[in-house]
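**Q** Okay, here's what each chain looks like letter by letter:
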Amino acid sequence: MLTYNKRSTSFRKFLYISPFMILLFIFAYYPLYGWVYAFFDYTPPIPLSKSPFVGLQWFRSLVENEVKVDQLLQVIKNTFGMSGLTLLFSWLPMVFAIFLTEIKAVRFRKFIQTVTTLPNFISWVLVYSLAFSMFSSEGVINGMLRQLGLTDAPILFLQSSEHVWITMWMWTTWKALGWSAILYIAAIMGIDDSLYEAAHVDGATRMQVIRHVVLPSMLPTYFVLLMLQIASFLNNGLEQYFVFQNAFNKDSIQVLDLYVYNLAMGGGSYSVSVAISMLKSLISVVLLFSVNGLSKMLRGESIV
Amino acid sequence: MSEHAAEPALEPVRQSRVDQKTRYKLSATDKFISVVIYTLFSLFALICVYPFYSIIINTISANDISARGDVVFFPKHIHFQNYIDVFKIPGLGHAALISLGRTVIGTSLTVGASAFLGFMFSQEDMWARKFWYRFTVITMFFSAGIIPWYLTMRSLHLTNNFLAYILPTVVAPFFIILVKTFVESTPKELQQAASIDGAGTMTIFFRIMLPICKPILATVAIFAAVDQWNSFQDTLLLVTDSNLYSLQFILYNYINQASSLSTMVNLQNAGSTAMSSLSTKQTTTSIRMTVTIIVVAPILLIYPIFQRFFVKGIMIGAVKG
Numbered sequence: 153m154l155t156y157n158k159r160s161t162s163f164r165k166f167l168y169i170s171p172f173m174i175l176l177f178i179f180a181y182y183p184l185y186g187w188v189y190a191f192f193d194y195t196p197p198i199p200l201s202k203s204p205f206v207g208l209q210w211f212r213s214l215v216e217n218e219v220k221v222d223q224l225l226q227v228i229k230n231t232f233g234m235s236g237l238t239l240l241f242s243w244l245p246m247v248f249a250i251f252l253t254e255i256k257a258v259r260f261r262k263f264i265q266t267v268t269t270l271p272n273f274i275s276w277v278l279v280y281s282l283a284f285s286m287f288s289s290e291g292v293i294n295g296m297l298r299q300l301g302l303t304d305a306p307i308l309f310l311q312s313s314e315h316v317w318i319t320m321w322m323w324t325t326w327k328a329l330g331w332s333a334i335l336y337i338a339a340i341m342g343i344d345d346s347l348y349e350a351a352h353v354d355g356a357t358r359m360q361v362i363r364h365v366v367l368p369s370m371l372p373t374y375f376v377l378l379m380l381q382i383a384s385f386l387n388n389g390l391e392q393y394f395v396f397q398n399a400f401n402k403d404s405i406q407v408l409d410l411y412v413y414n415l416a417m418g419g420g421s422y423s424v425s426v427a428i429s430m431l432k433s434l435i436s437v438v439l440l441f442s443v444n445g446l447s448k449m450l451r452g453e454s455i456v
Numbered sequence: 082m083s084e085h086a087a088e089p090a091l092e093p094v095r096q097s098r099v100d101q102k103t104r105y106k107l108s109a110t111d112k113f114i115s116v117v118i119y120t121l122f123s124l125f126a127l128i129c130v131y132p133f134y135s136i137i138i139n140t141i142s143a144n145d146i147s148a149r150g151d152v153v154f155f156p157k158h159i160h161f162q163n164y165i166d167v168f169k170i171p172g173l174g175h176a177a178l179i180s181l182g183r184t185v186i187g188t189s190l191t192v193g194a195s196a197f198l199g200f201m202f203s204q205e206d207m208w209a210r211k212f213w214y215r216f217t218v219i220t221m222f223f224s225a226g227i228i229p230w231y232l233t234m235r236s237l238h239l240t241n242n243f244l245a246y247i248l249p250t251v252v253a254p255f256f257i258i259l260v261k262t263f264v265e266s267t268p269k270e271l272q273q274a275a276s277i278d279g280a281g282t283m284t285i286f287f288r289i290m291l292p293i294c295k296p297i298l299a300t301v302a303i304f305a306a307v308d309q310w311n312s313f314q315d316t317l318l319l320v321t322d323s324n325l326y327s328l329q330f331i332l333y334n335y336i337n338q339a340s341s342l343s344t345m346v347n348l349q350n351a352g353s354t355a356m357s358s359l360s361t362k363q364t365t366t367s368i369r370m371t372v373t374i375i376v377v378a379p380i381l382l383i384y385p386i387f388q389r390f391f392v393k394g395i396m397i398g399a400v401k402g
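Top to bottom, those sequences are chains A and B.
The opening position of the first sequence corresponds to residue 153 in the working numbering, with each subsequent residue numbered one higher.
The opening position of the second sequence corresponds to residue 82 in the working numbering, with each subsequent residue numbered one higher.
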């Protein structure tokens with residue numbers, strides 16, 4: 153009787169959460185079914201059931217169709233360029249945290265921390281709006297340059313096709329740097345005081361303390377975050393690039409996520425877009441497993 | 082290390098002239114480093130704040146001056162007409178309601194579901210608990226992609242549907258992890274005692290765990306609310322009906338087409354008053370900037386108050402996630 157009761161409670165508990173599991177299935181798992189569109193020649197408004205099955209035609213077109221190959225190579229170059237920049241400067245939040253905690257004036261430090269984390273909480277649309285107000289032809293920066301007599305004609309920062317990767321990286325950094333530093337600040341706060349004292353006793357200088365005490369204790373955090381960044385190498389996201397894209401910078405701003413969006417919602421090529429999406433998702437999962445394996449090998453600990 | 086220099090007695094053995102010399106030199110370097118640190122951080126803080134400040138002073142300055150980009154450090158000819166006029170743009174008030182609605186409803190549902198699921202996943206006797214927990218958490222690490230998402234949502238009739246704003250975020254793995262970690266940090270005896278007293282799972286959840294979880298739920302609520310308020314991509318993908326446009330989406334449209342709106346507001350004003358002088362006449366810049374401030378205002382207002390919740394959230398998440 154007792155075991156029956158136990159089992160029924162156990163199953164009742166599952167029943168309580170089952171509606172949520174159904175929701176989760178619909179919004180996280182069912183979209184994977186959308187991948188079938190990659191194997192059909194789907195052109196709305198003809199429904200999928202009446203679209204012809206084409207097998208791997210779209211996947212083949214990605215390597216055979218010359219126009220598509222050129223486009224895709226450019227997009228992959230952009231994706232690698234911008235994700236590469238992010239990886240290259242992935243140590244920045246760590247350095248930010250190290251030097252922020254070096255500030256001994258507590259109120260100043262708190263102020264800096266509060267102010268620099270703020271941009272993380274505004275949307276990319278708002279970032280774009282701020283960018284527009286600052287950098288458009290009648291924006292503040294051009295106004296400043298004109299007042300100082302440095303320029304005759306406004307500089308078209310946002311319509312430029314040059315340095316797009318770097319400006320995009322700068323916006324990401326502006327938005328996220330302060331926030332990403334918080335994890336490292338937490339790691340620094342967690343350092344045992346006796347380590348500092350020992351360093352003092354040994355007569356270590358400020359930079360030596362940073363190099364031999366602070367830095368080593370942050371490396372585990374850095375490693376995990378770096379691995380996660382590598383795992384999401386192909387996932388730059390859509391919003392930032394969507395809001396900043398225009399006719400002038402389109403060639404160098406299209407990352408995979410934006411390209412996939414433009415192909416489908418702009419060009420109506422749903423099937424080919426789904427094919428790329430699918431490859432991207434699969435590669436991302438492989439990347440995640442790889443870095444997880446690497447982490448297990450190097451640290452004996454998995455990250456996911 | 083200035084405090085160290087003040088206590089040389091700590092290491093009398095190695096106290097030589099050479100040491101003192103290097104220490105003196107290094108403390109000068111230290112001072113230099115400090116100056117550099119303070120300057121760089123102040124500069125970065127300025128870059129973070131100035132755009133917001135700039136837009137605020139522009140919206141209250143004379144519109145003909147702000148349109149030329151000449152308001153740089155201080156407002157010029159202060160007036161508040163823009164904040165009255167901006168609500169004459171058709172659709173703005175409605176979009177504000179949509180954004181507010183999705184933030185309030187979406188956040189409540191997300192917080193409720195995260196609390197309940199976080200609690201339930203801590204119940205060791207639940208049937209196949211480990212499986213369902215993994216089933217939930219693993220969704221953080223893959224996605225079908227935006228177009229497959231769009232196509233399947235459309236097949237479920239979730240395009241041009243307010244539900245598309247709130248249902249997908251109800252089950253949020255990250256928040257569930259936060260709550261579960263919190264619940265597991267509370268003493269087991271609490272639940273056991275209640276259970277012996279005859280309380281069922283639901284009673285334990287509502288009467289005991291929910292009140293205890295308030296701090297972590299506040300953190301979840303603030304994260305969820307910011308996410309809802311800032312959400313843009315779902316409107317972009319799933320909504321074509323202008324009755325469902327959110328503030329973020331409308332702002333994006335305004336940035337690209339503010340000129341026609343300013344003409345329209347000016348026409349409305351021309352009929353009603355004679356005072357639409359150059360300084361209060363709406364320009365593309367004044368409309369765009371005023372709407373920007375309205376969209377960002379909730380974030381700017383709540384952020385300083387709740388900053389510690391954000392920090393707490395990411396810390397707990399980092400330990401467990």
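Since the hints were derived computationally from the structure, they do not count as laboratory data.
There may be inaccurate statements among the hints.
[Claimed, not checked] Taking lysine-lysine and the BS3-like style, the derived pairs with C-alpha atoms no more than 25 Å apart in a straight line are:
(1) 256/A <-> 269/B
(2) 448/A <-> 112/B
(3) 165/A <-> 269/B
(4) 211/B <-> 165/A
(5) 158/A <-> 211/B
[What the hints assert, rightly or not] Stretches of chain B that chain A covers, calculated by requiring three or more beta carbons in the stretch to come under 8 Å of a beta carbon on chain A:
(6) 122–135
(7) 217–224
(8) 240–248
(9) 312–323
Ideal placement from N, C-alpha and C gives every residue a C-beta, glycine not left out.
**Q** Confirm or reject each hint.
**A** Verification of the supplied hints:
{"no.": "1", "hint": "256/A <-> 269/B", "result": "violated (41 Å)"}
{"no.": "2", "hint": "448/A <-> 112/B", "result": "violated (42 Å)"}
{"no.": "3", "hint": "165/A <-> 269/B", "result": "holds (18 Å)"}
{"no.": "4", "hint": "211/B <-> 165/A", "result": "holds (13 Å)"}
{"no.": "5", "hint": "158/A <-> 211/B", "result": "holds (18 Å)"}
{"no.": "6", "hint": "122–135", "result": "holds (count 10)"}
{"no.": "7", "hint": "217–224", "result": "holds (count 5)"}
{"no.": "8", "hint": "240–248", "result": "violated (count 1)"}
{"no.": "9", "hint": "312–323", "result": "holds (count 5)"}
Hint compliance for this structure: hints 1, 2, 8 are broken, all remaining hints hold.
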